[in-house]
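A.B. asks: Here is what each chain is made of, one letter per residue.
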Amino acid sequence: MGKYVIRRLLQMIPVIIGVTFIIYVSVYALGDPTVGRCGERACPPGYIAKFRADYNLDKPLIVQYLLYMGNLVQGDLGTNFYGNKVLDELASRWPTTLRLGTMALVVETVIGITAGVLAGIRRGKFVDNLVTVSTLFLISIPIFVIGSVAQLVFGVRLGWFPVTSTQGTTYQLIMPAFVLASASLAYIARLMRANLAENLRADYVRTAKAKGLTNARTVGVHTLRNSLIPVITFIGIDVGALMGGAIVTERIFNINGIGNFLYRSIGQKDGASVVGTITCLVLIYLFVNLLVDILYGFLDPRISHD
Amino acid sequence: MTDTTRDSGLDTTSVVPVTIDPTGGPESRLSAPAKGERARSLGSDAWQELRHRPMFWISAALIVFFVLMAAFPQLFTSTDPYFADLSKAREAPSADAWFGRDSQGYDVYARTIYGARASILVGILATLFTLVFGSVVGIISGYGGGWVDSVSSRIGEIFLGIPLLLGGILFIYTFPPPLDEPLVVSVMKIAFVLGILGWPSIARLMRSSVLQVKPNDYVQAARALGATPSRIISSHILPNSLASVIVVSTINLGAYISVEATLSFLGIGLQPPAISWGIQISEASSIGLIRAAPYMLLFPSAFLSATVLAFIMMGDVVRDALDPRMR
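Chains as they are written, first to last, in my numbering: chain A, 1 to 306; chain B, 1001 to 1327.
What the hints contain is simulated information worked out from the structure, not anything from laboratory work.
None of the values given here were measured: they were computed from a predicted structure.
A few of these clues could be false.
[To be verified] With the C-beta cut set under 7 Å, the calculated list includes, among others, these residues of chain A facing chain B:
| no. | residue |
| --- | --- |
| 1 | 14 |
| 2 | 53 |
| 3 | 133 |
| 4 | 205 |
[To be verified] What follows is a list of derived Cβ distance ranges for each label pair:
| no. | chain 1 | residue 1 | chain 2 | residue 2 | range |
| --- | --- | --- | --- | --- | --- |
| 5 | B | 1104 | A | 32 | 23 to 33 Å |
| 6 | B | 1071 | A | 209 | 50 to 60 Å |
| 7 | A | 114 | B | 1068 | 47 to 57 Å |
| 8 | A | 32 | B | 1072 | 19 to 29 Å |
| 9 | B | 1215 | A | 298 | 48 to 58 Å |
| 10 | A | 91 | B | 1230 | 47 to 57 Å |
Note that the Cβ used here is the ideal one computed from N, Cα and C, for glycine as well.
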C-alpha cells in the first residue's frame, strides 16, 4: 500500500510540471499577456517593455518558467489590474464556491446512486426506462439552459426559491446546487446502473443466491459495494466538470464565488485573474484526483497490488 | 431480464434480439434465430439489433435533419438571418416569424436554423481531430511500446489533467478571435482547442485495444507470414478497436457541441456577428429577457439540446448493440 501511494505521488510530479508548463507557454510565450491591459487599445511600447521586464519575459523561456514556478509554489498567482493579488481575490470567494460544490456533490451522489440502484435492480421495468430516458435528457440539455429555465420556473413563476443567490447562504444555494449537479447526477445514475447490472451477473452473486441469501442482502451487501468503486473514480473526474459548471451556475444565479469572478474577469479582459484562477483550479483538480486514486487503492486492493 | 437470459441457458448469438419496436414484425423475429445458425460477424449482429431499436431510428433521423440544416440552411428558411427590423423587436411568435423576434428584431427561427452550422461544424471537426490524432498516437504507442509508449502516455496524462471547459476558456481567452475573422476560421480554432484537450481519451482507448489484440495467435501468425506492421494494423488491429472508438467519439461529439455553446454563452468563443446557438442563448438569458421573451431562449436551447441528445443517444444505442452482454 505504501509503495502504491508513493508511486502515485511520484507520477503526479511530471503531470503538474507539464500542466503548468503548457499553461505558461500558451499564455506568456505564444499568447500576448498584455492583451486587455490597456483597455480596447493596443498598449504603448514603453508599457510593453516595462511589463516584459517586470514579468521576466525578456529572459530565456526555461528561466521564465522556473521563476514562474517559484512564484506559484509560494502561492503567488499574480496581480490583477486593480492591483489586488489574485490569490486574495480567490481566498475571499472560496467559501461560497466550496459550499456550492459540496452541496452539488451531495445532491449528485445521493440522487444519482439511488436512481442508479433502483434502475439496476429492476432492469427492463418501468423505473429502469424512466431513469434511462430522463438521465439521457439531463445529459443532453446544457447546464446554462437548465439553469435559466430553473430560474424562470422555480424562481420567478413559482417563487419557491430566491431568483438570485447574492449572499450565498445555504438556502439560497439549493437551486443552484441542483442545477450544477444535474448532468453529473445523470452520469452517476447511468454508471451505477451499468455496474450493478454487470455485477449482478457475477458468479459470486449466483453463489450468494444459491446459499439462500435474501435478495436484499445479495444486492445490498455483496453487489452494491463493488458497484460503488467506479462511481468514486467518476466523482474525482467530475470535480473538473463541476468547476466548469460553477462558472455558468454562479453567473446565472449571481453567486459571488470563484466561478463568477472568473466570468467577470473574462468580460473585463483581466488576463492575470483569468490565468491565475484557472491555474489554481487545475491544480486543485489534479490534487483531488490524486486523493481519489489513493482512496481507490484502499477500496480495491487489486489496484495497489500490481 | 437478467434472470431470463441466465435461466434459458442459450448462447447470446441465438437469443432473439429483445425488441420493443412493434414495426419489427413477426417475420423478422422468426428469421433472426435462423440467421443465427450461421456465424454472424459482430457488425451484422449489431445491425440486426439496431434495426429493431426505435431509439436508433429517432437519433439517426435527428442527426440527418440537423446535418442537413447545417449544410443547407436555405432548405428550411428563406428569411435572411442578418435582416433586423428594430420596430418589431421581441415580437412574440407569429405567422410572420414562427419563433418570434429577438432584441435586435432578428427572426429567431431563421437564426436558429443558421446557428446549426457553427455548432455542428465545431462538433464534427473536433471529433475528427481527436479521432485521427488520438488513433495514430494510440496505435503507435500500443504497437511500438517501450519509450514511445511511456512518453506519449505521460503527455496524454498531462492533457487529461486539464478539464475541458477550463482549458477551453484558457486557450481561447489567450488567442481571442479577431472581430473580422471568417466564421470557418474561428470554428476551426475552437475545434482545434477542444481536439487538443480531448485526444488522450481516444489514444488510451486505441492503445488498450491494440495491447489486447496484439498477443493473439492470428496476429502472431500474420507476422510470421511476413505481414508488415501497417498491414497488421489495418487488417487486424483497426477492425477490432474501431467499434468502441467510434462509440466514444459519437458521444464526445455531443459533448463538444455543448462545450462550444457554453464558451459562447460565457462570452468567449464565437462572437457576433457570427450566428450560433450559444450566442443566441447567451443574448436571451438575462433574467429580464427570460420573463419578457422566453421564446428567444426556448427555441435555440431546444435545437441545441436535441442535437446533443441525438449524438449521445446514437452512441449509447450503438454501444448497447455492440455489447452482447447488455441484451
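A.B. asks: Each hint should be assessed against the structure and marked as holding or not.
C.D. replies: Checked hints:
About 6 Å separates the beta-carbon of residue 14 of chain A from the nearest beta-carbon of chain B, less than 7 Å, and the hint is met. Annotation: interface hint on residue 53 of chain A violated; nearest CB of chain B at approximately 21 Å, more than 7 Å. Taken as an interface hint, residue 133 of chain A does not check out: its beta carbon lies about 9 Å from the nearest beta carbon of chain B, beyond 7 Å. Hint on residue 205 of chain A is violated. Least Cβ distance to chain B is approximately 10 Å, over the 7 Å limit.
Hint check: residue 1104 of chain B to residue 32 of chain A, Cβ distance near 32 Å, so the stated range 23 to 33 Å holds. Distance hint check for residue 1071 of chain B and residue 209 of chain A: the Cβ-Cβ separation is about 55 Å, which falls inside the suggested range of 50 to 60 Å. With their beta carbons about 41 Å apart, residue 114 of chain A and residue 1068 of chain B fall outside the hinted range of 47 to 57 Å. As the Cβ distance of residue 32 of chain A to residue 1072 of chain B is approximately 39 Å, the hint placing it in 19 to 29 Å is violated.
Here the CB-CB span from residue 1215 of chain B to residue 298 of chain A is close to 32 Å, at odds with the stated 48 to 58 Å. Evaluation of the 47 to 57 Å hint for residue 91 of chain A and residue 1230 of chain B yields a pass: the beta carbon distance comes to about 55 Å.
Checked against the numbered hints above, the structure breaks hints 2, 3, 4, 7, 8, 9 and satisfies the rest.
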